[in-house]
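Going line by line, the protein sequences match chains A and B. Once you know that position 29 of the first sequence is 29 in the UniProt record's numbering, the rest is easy, because the numbers rise by one and skip nothing. Once you know that position 204 of the second sequence is 204 in the UniProt record's numbering, the rest is easy, because the numbers rise by one and skip nothing.
Take the hints with a grain of salt, since some may be wrong.
[Said to hold, decoys possible] Sample of chain B residues lacking proximity to chain A, with all beta carbon distances greater than 12 Å (derived):
| id | residue |
| --- | --- |
| 1 | Asp-184 |
| 2 | Asp-205 |
| 3 | Glu-350 |
[To be verified] For each label pair, taking beta carbons as the anchor points, the in silico distance ranges come out as:
| id | chain 1 | residue 1 | chain 2 | residue 2 | range |
| --- | --- | --- | --- | --- | --- |
| 4 | B | Ser-328 | A | Ile-2 | 42 to 50 Å |
| 5 | A | Thr-51 | B | Asp-368 | 44 to 52 Å |
| 6 | B | Glu-53 | A | Lys-134 | 34 to 42 Å |
| 7 | A | Ile-2 | B | Thr-365 | 31 to 39 Å |
| 8 | B | Thr-332 | A | Ile-164 | 40 to 48 Å |
Think of the hints as simulated: they come from the structure by calculation, not from any bench. Because the structure is a prediction, the values reported are computed rather than measured. Even glycine gets a Cβ: it sits at the ideal position worked out from N, Cα and C.
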Amino acid sequence: MITPKYISDLLGAPMAAVVQAEAIAAKATAEFIQEVGFSKSEVNEDGNFGTVRNVTFSYNRIEADGQTRMTNISVPLLTVIPIPSLKVAEAEIEFDLALSQPNSSTEGGESSSGKDRRSPFLSRSLRLKAIIGKKAQEGKANTTNSATANMNVKIRLAQAEPTIGMVQLLNILDNADKEN
Amino acid sequence: MSQLNSIIASILSDINEAKAKADQTSSELARTYAADKILRYFPVPRINIENLEVEIKYAVNSVEEKPIDNAATRKKVNDFIKTFTDETASSVKKAVENVTKTNELYEGISKIYPSKEWELSLKEKMSDILVKSFKPNDPSKTKDLAANGLRNAIPDLLPVVKRSSSMAIVPTDKGDFRLMGLDDQGKSEFLVDKEYDSEAEALKDAKALTSSLKSKKVEVTSVKKDENKKVEIGALKAGNRTFNVLFGGKSINDPKPKASLEKAINIKAEVLNKPQRDVPNWLKASKPAMANINPEKFEDDVSLKLATEKVINERLPLFEQGINDIMSKNMTTVLNVNVDGEAIKNAQPETISTIKFSLSAQDFTLLDDDQEPIL
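Please build the complete structure, drawing on both the sequences and the hints.
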């Protein structure tokens with residue numbers, strides 16, 4: 001990676017990737033449920049999954065009168081096999097960046113737009129860019145072409161509860177679907 | 001080269017933006033999940049930053065003292081400006097009063113001008129200019145802006161008298177204008193007995209009378225005494241027009257008023273016909289208000305302007321000193337640093353420093369009054 005990127009992009013990309021990866025895993029689980037648990041391979045337009053795929057087995061059952069009778073039991077397949085479901089409980093991201101500082105005359109600050117009415121003390125006058133760099137090692141000169149990092153970032157992520165807003169959004173969409 | 005606080009602020013903003021990008025992804029996924037018959041029963045992926053550590057290596061380029069421009073400093077400056085404005089407006093008013101009470105050109109307005117209300121308007125105007133002039137990082141610019149602002153703004157609040165060396169158009173407290181004849185000392189000699197609605201109208205008559213005086217076509221046709229007003233009324237015939245003039249108020253018992261008026265008219269004619277000469281610089285410096293007054297040409301009288309400028313010039317160093325005192329007590333040490341990877345590689349080892357900071361989950365959570373997370 002040669003072109004310097006904004007630090008927010010470099011930090012945001014792995015975090016968003018964790019979220020997206022979890023979604024991909026959830027999608028795979030959903031497909032597993034659909035393919036294994038139901039008889040149709042594709043969902044109809046009306047959302048009908050088709051018939052639940054059952055497993056049927058027979059066994060000798062002793063009745064109240066002491067007689068033994070052959071009995072058939074049918075249970076949904078999904079209830080007897082484990083469903084693969086993965087969730088990222090915690091993630092750690094660490095990387096090293098070589099910062100690139102713009103000249104003061106070309107600093108891409110937001111205050112220069114004239115729209116920022118905050119006091120000069122609070123306005124953001126600088127936006128740094130960086131490239132992924134190589135960690136500097138004590139006493140060793142950097143002999144490769146890669147840039148030597150001067151910023152190290154460690155982020156520990158954990159699964160969060162859905163926000164109130166997100167729960168409300170899901171409820172609204174669910175209700176709208178039922179009303180249709 | 002940037003200040004270290006800007007660098008850290010920039011990185012903190014980037015961290016917030018990065019978290020927002022992850023939340024944006026969760027938000028988009030929420031819609032996808034809701035539309036899916038199976039995924040709608042799954043929790044939408046959402047992450048929290050439990051802990052974030054940043055370590056940055058930077059090269060110190062310079063260390064400097066800079067004034068702090070914050071609300072507390074602004075308040076001190078505004079308080080100082082208020083006091084300064086009150087004192088300066090009061091001094092300006094006194095200087096203006098001194099001119100209007102002693103200079104006969106302003107006699108017609110001296111009863112109502114300058115008033116308390118005028119002083120308040122002056123204060124407002126001055127305060128507005130001084131607040132806008134304040135540039136915390138550039139004291140000399142503050143001084144220049146304040147000086148120029150005040151010098152340009154105050155004349156707007158001063159009455160204008162247009163005058164030549166022998167005649168003046170003076171304002172009255174009713175808002176109209178009178179035409180005044182002046183002697184060689186600039187003192188009132190006579191007053192044309194007419195109230196002019198506009199300065200232009202008065203100026204037209206002033207020029208006509210001046211022209212007649214210069215061509216020696218002004219004749220004193222009669223003089224009579226008005227016992228009630230305690231003035232002499234003289235009739236001046238200038239070409240085909242007659243101007244009634246009031247004079248002699250201070251020497252009503254002049255035994256030969258007509259001769260006195262004729263003498264005054266003749267002196268004016270002489271002055272108007274005398275070849276003009278350059279006023280030497282020492283005289284201009286000694287009597288700036290009287291220097292360069294043209295016998296024929298009507299120009300703005302500068303007495304009030306000079307009086308107010310004198311006050312402003314005396315007060316401006318105090319303004320500069322006051323602002324400097326406040327700013328010198330509100331200084332902060334600023335590190336100008338370079339975080340560019342290449343620049344650090346080439347920097348002197350002793351200038352290189354490291355800063356580490358960490359953020360916890362709470363730093364990314366909105367808390368209510370009981371310190372409980374809102375979301």
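The hints, checked one at a time:
| no. | hint | verdict |
| --- | --- | --- |
| 1 | Asp-184 | 59 Å, holds |
| 2 | Asp-205 | 53 Å, holds |
| 3 | Glu-350 | 16 Å, holds |
| 4 | B:Ser-328 with A:Ile-2: 42 to 50 Å | 48 Å, holds |
| 5 | A:Thr-51 with B:Asp-368: 44 to 52 Å | 50 Å, holds |
| 6 | B:Glu-53 with A:Lys-134: 34 to 42 Å | 19 Å, violated |
| 7 | A:Ile-2 with B:Thr-365: 31 to 39 Å | 37 Å, holds |
| 8 | B:Thr-332 with A:Ile-164: 40 to 48 Å | 41 Å, holds |
In this structure, only the earlier hint numbered 6 is contradicted, and the remaining ones agree with it.
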